[in-house]
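One line per chain: the protein sequences are A and B, in this order. Note that the first sequence covers residues 1 to 433 in my numbering. Note that the second sequence covers residues 1 to 202 in my numbering.
For the record, the hints were derived by calculation from the structure and aren't laboratory data. Small disclaimer: the values here were computed from a predicted structure and weren't measured. Among the hints, erroneous ones may be present.
[What the hints assert, rightly or not] Calculated cross-link-like contacts (lysine to aspartate or glutamate; reagent style DMTMM-like; alpha-carbon spacing at most 20 angstroms):
#1 B:169 x A:9
#2 A:147 x A:134
#3 A:211 x A:161
#4 B:169 x A:319
#5 B:169 x B:154
#6 B:169 x A:6
#7 A:147 x A:193
#8 B:169 x A:193
#9 A:211 x A:235
Letter by letter, the chains look like this.
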Amino acid sequence: MSNHFEDPDERALSDALNRKADAVGETMSSFDAVRTRAGSVRRRRRLVAGAGLAAAAAILVPIAIVASDGQGDTDIDTIVATTTPSGDPTSRSTTAPLTTPTAPAKAPFDAAELPVGAPPAIDWADGRDIHRADGTIAEDALPPDTKQFSTWGSGWLAVIDDGSVKEDGTSGDRIVWPVPEGYAAATPVTLGEVVGDVTTSAGGGTAAWVKPDGTVQVLDADFQVVTLPSISSPDVSGAVAVTGEDCQETAANAPGCTVFVNTGIWPDAGVWLSTSRGFAERYDEGTVLMDTWTPGAYAVTTDVDELEPSACSAVRNPDTLSTVWETCDYRLLSFSPDGSHLLAVGSLIDNFGDRQVALLDASDGTVVAEVESTDPKDLTPAQQLVWEDDSHVLIVTATDRHYAVVRLGLDGSMEYAVPPRTAKDVDQPMLAS
Amino acid sequence: MHAALGNATGDSQVASEPSADRMSRRDADFADYLHNRQPGLLRMAYLLTGNRADAEDLVQGSLAKLYLNWDRVRSREALDGYTRRIIVNEHNSLWRRAWKRREVVVETFAEAPVNSKLDRYDDGTDDRLWSFVQTLPRRQRAVVVLRYYEELTEAEIADVLNISVGTVKSQCSRALAALRQRAPRSLDPTYDPAHDQSPEEP
Chain A
1 MSNHFEDPDE RALSDALNRK ADAVGETMSS FDAVRTRAGS VRRRRRLVAG
51 AGLAAAAAIL VPIAIVASDG QGDTDIDTIV ATTTPSGDPT SRSTTAPLTT
101 PTAPAKAPFD AAELPVGAPP AIDWADGRDI HRADGTIAED ALPPDTKQFS
151 TWGSGWLAVI DDGSVKEDGT SGDRIVWPVP EGYAAATPVT LGEVVGDVTT
201 SAGGGTAAWV KPDGTVQVLD ADFQVVTLPS ISSPDVSGAV AVTGEDCQET
251 AANAPGCTVF VNTGIWPDAG VWLSTSRGFA ERYDEGTVLM DTWTPGAYAV
301 TTDVDELEPS ACSAVRNPDT LSTVWETCDY RLLSFSPDGS HLLAVGSLID
351 NFGDRQVALL DASDGTVVAE VESTDPKDLT PAQQLVWEDD SHVLIVTATD
401 RHYAVVRLGL DGSMEYAVPP RTAKDVDQPM LAS
Chain B
1 MHAALGNATG DSQVASEPSA DRMSRRDADF ADYLHNRQPG LLRMAYLLTG
51 NRADAEDLVQ GSLAKLYLNW DRVRSREALD GYTRRIIVNE HNSLWRRAWK
101 RREVVVETFA EAPVNSKLDR YDDGTDDRLW SFVQTLPRRQ RAVVVLRYYE
151 ELTEAEIADV LNISVGTVKS QCSRALAALR QRAPRSLDPT YDPAHDQSPE
201 EP
């Protein structure tokens with residue numbers, strides 16, 4: 001098989017793909033099988049549409065009640081807040097309404113002409129250089145091919161993947177580099193095969209991960225790897241949060257640490273925890289999304305439509321495991337540092353970046369600010385979203401070898417934290433998580 | 001090539017046909033497309049998923065969605081692009097990614113077709129390249145498959161994936177850079193390393 005590529009590597013790649021594809025054979029679905037599957041898709045869509053109507057009805061009822069009390073001019077936001085008090089989450093338990101309150105008008109997410117504001121107040125990386133929040137730059141501080149990096153004590157923790165696939169089909173080793181002064185002086189720690197990402201604690205002193213066999217491990221501030229009780233679920237999908245900074249419980253009455261791990265495949269997904277207190281147990285149904293844990297509340301996936309694909313999410317009370325509010329319009333990404341707001345994106349997922357970004361009131365899901373990218377060719381949508389402080393998020397956008405970091409405030413304001421510029425090589429910036 | 005979606009086919013004859021006949025003709029058209037294009041779509045899906053079972057499931061689910069939208073695709077020329085887009089979007093489901101990303105299944109096929117010219121040079125390069133492709137992030141893998149298997153132009157890939165041409169270029173560039181970093185100097189089956197040093201040698 002030949003192709004028109006002149007570059008030998010491109011030609012070899014094309015030939016290899018053609019040979020692999022040709023070896024697949026010609027097993028085919030029959031017309032009847034496809035039509036039956038289409039019927040299944042159609043039924044599922046009707047169910048989703050029905051759920052939407054039910055949600056609308058749930059909101060309309062309180063409107064009627066409030067109107068009869070002579071408060072007909074009360075807006076829907078107020079009504080929802082009135083009918084879904086956040087002070088006592090347990091009172092709403094399983095009957096929590098789908099919270100899709102009337103949002104402020106969506107602003108177009110157009111990063112073409114924005115005022116330039118202050119640089120990011122968190123560390124961010126441009127290639128291997130780290131721009132500190134104080135404006136100084138640590139050149140070549142990150143190892144090549146860094147996949148993610150986090151603040152770590154007074155320095156950073158870089159995570160790389162060796163990129164290999166072993167003969168048995170498993171992934172290669174994950175390696176973390178504590179880089180207090182830059183990676184040239186650092187000693188890497190090889191974790192072996194890791195499922196999902198490496199997650200770090202809010203204080204930046206604990207990193208946690210899980211291995212395919214359910215082994216839960218943490219790296220503490222002294223660069224010691226500590227093994228916690230294993231998860232006995234046969235299908236772990238990643239460590240998603242770690243709380244606590246002292247997994248070795250070195251101090252008297254130390255609170256220790258707890259690692260939360262997603263397990264299973266929907267609809268059998270669940271959350272497990274493993275603690276330095278010496279036990280691991282199943283904690284909740286559903287799947288905790290990344291970094292959606294804060295004291296007093298956490299977020300889970302409550303329903304997944306794999307065909308569309310989209311999902312519903314809910315905020316729950318960790319003490320009672322009761323649902324505080326739920327939405328099928330947004331996917332919940334992370335709580336603000338003070339826990340008062342949630343960063344969210346549209347519920348539909350296409351893996352090409354999120355075009356819709358919303359900031360929600362964490363107590364009831366009310367939309368506080370929302371932007372949406374409408375021109376797919378003009379601006380590549382959000383590639384990374386991180387809270388900068390309690391009232392601002394930073395959004396990495398990238399297009400055609402240019403990138404920008406946009407700051408979105410709770411008041412809906414937008415400005416450049418990093419104006420559009422040519423990326424070093426073809427990398428886009430990374431924000432410290 | 002955004003598929004032109006509308007409410008009608010624009011064919012007045014179709015509009016005047018009895019409903020049953022129209023459905024029959026619609027199904028016949030779809031069945032023809034299924035018969036002619038499914039093998040090719042399955043091969044593309046296999047390159048995206050890395051194993052045959054997932055590829056078959058992906059293609060069937062995508063064709064089901066195509067069937068539901070069959071009457072809304074005005075231009076039959078746009079069908080392939082539209083179907084490719086459904087397949088890629090289906091494959092990019094966050095949930096499949098999150099839950100299946102560690103299930104990297106590397107299949108081998110005993111019935112690989114014989115190609116006398118290229119098999120002469122098959123020294124495991126294909127497997128190395130295949131392993132490499134499976135390590136790519138999904139977006140990059142989709143771009144690589146559309147570029148180097150489907151041999152679409154950068155503009156066509158941008159249309160199918162609804163991204164900019166620049167993003168297509170950067171994804172291809174990034175994938176090739178990684179390939180060159182991880183693989184031997186040249187992976188071209190016809191590349192003879194001795195040729196550079198001694199042109200006279202066979």
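Discussion item. Hinted pair, alpha-carbon criterion (20 angstroms max): residue 211 of chain A, residue 161 of chain A. Please report holds or violated.
Written reply: 14 angstroms, holds
Practice prompt. Compare the distance between the alpha carbons of residue 147 of chain A and residue 134 of chain A with 20 angstroms, and conclude whether the hinted pair is satisfied.
Written response: 23 angstroms, violated
Worksheet item: Is residue 169 of chain B within 20 angstroms of residue 6 of chain A, Cα to Cα?
Response: With a Cα-Cα distance of about 16 angstroms, the restraint between residue 169 of chain B and residue 6 of chain A holds, given a limit of 20 angstroms.
Item to complete: Would you check the hint for residue 147 of chain A and residue 193 of chain A, treating anything up to 20 angstroms between C-alpha atoms as holding?
Response: Holds: residue 147 of chain A and residue 193 of chain A sit about 15 angstroms apart, inside 20 angstroms.
Practice prompt. Compare the distance between the alpha carbons of residue 211 of chain A and residue 235 of chain A with 20 angstroms, and conclude whether the hinted pair is satisfied.
Written response: Distance of about 10 angstroms is within 20 angstroms: holds.
Practice prompt. Compare the distance between the alpha carbons of residue 169 of chain B and residue 154 of chain B with 20 angstroms, and conclude whether the hinted pair is satisfied.
Written response: 7 angstroms, holds
Worksheet item: CA of residue 169 of chain B to CA of residue 319 of chain A, is that 20 angstroms or under?
Response: 50 angstroms, violated
Worksheet entry | Hint consistency between residue 169 of chain B and residue 9 of chain A [alpha-carbon to alpha-carbon, up to 20 angstroms] | This hinted pair holds, its Cα atoms lying about 16 angstroms apart.
Discussion item. For residue 169 of chain B and residue 193 of chain A, compute the direct alpha-carbon distance and say whether it is at most 20 angstroms.
Written reply: Violated: residue 169 of chain B and residue 193 of chain A sit about 31 angstroms apart, past 20 angstroms.
Consistency with the previously given hints fails for numbers 2, 4, 8, ordered from lowest to highest.
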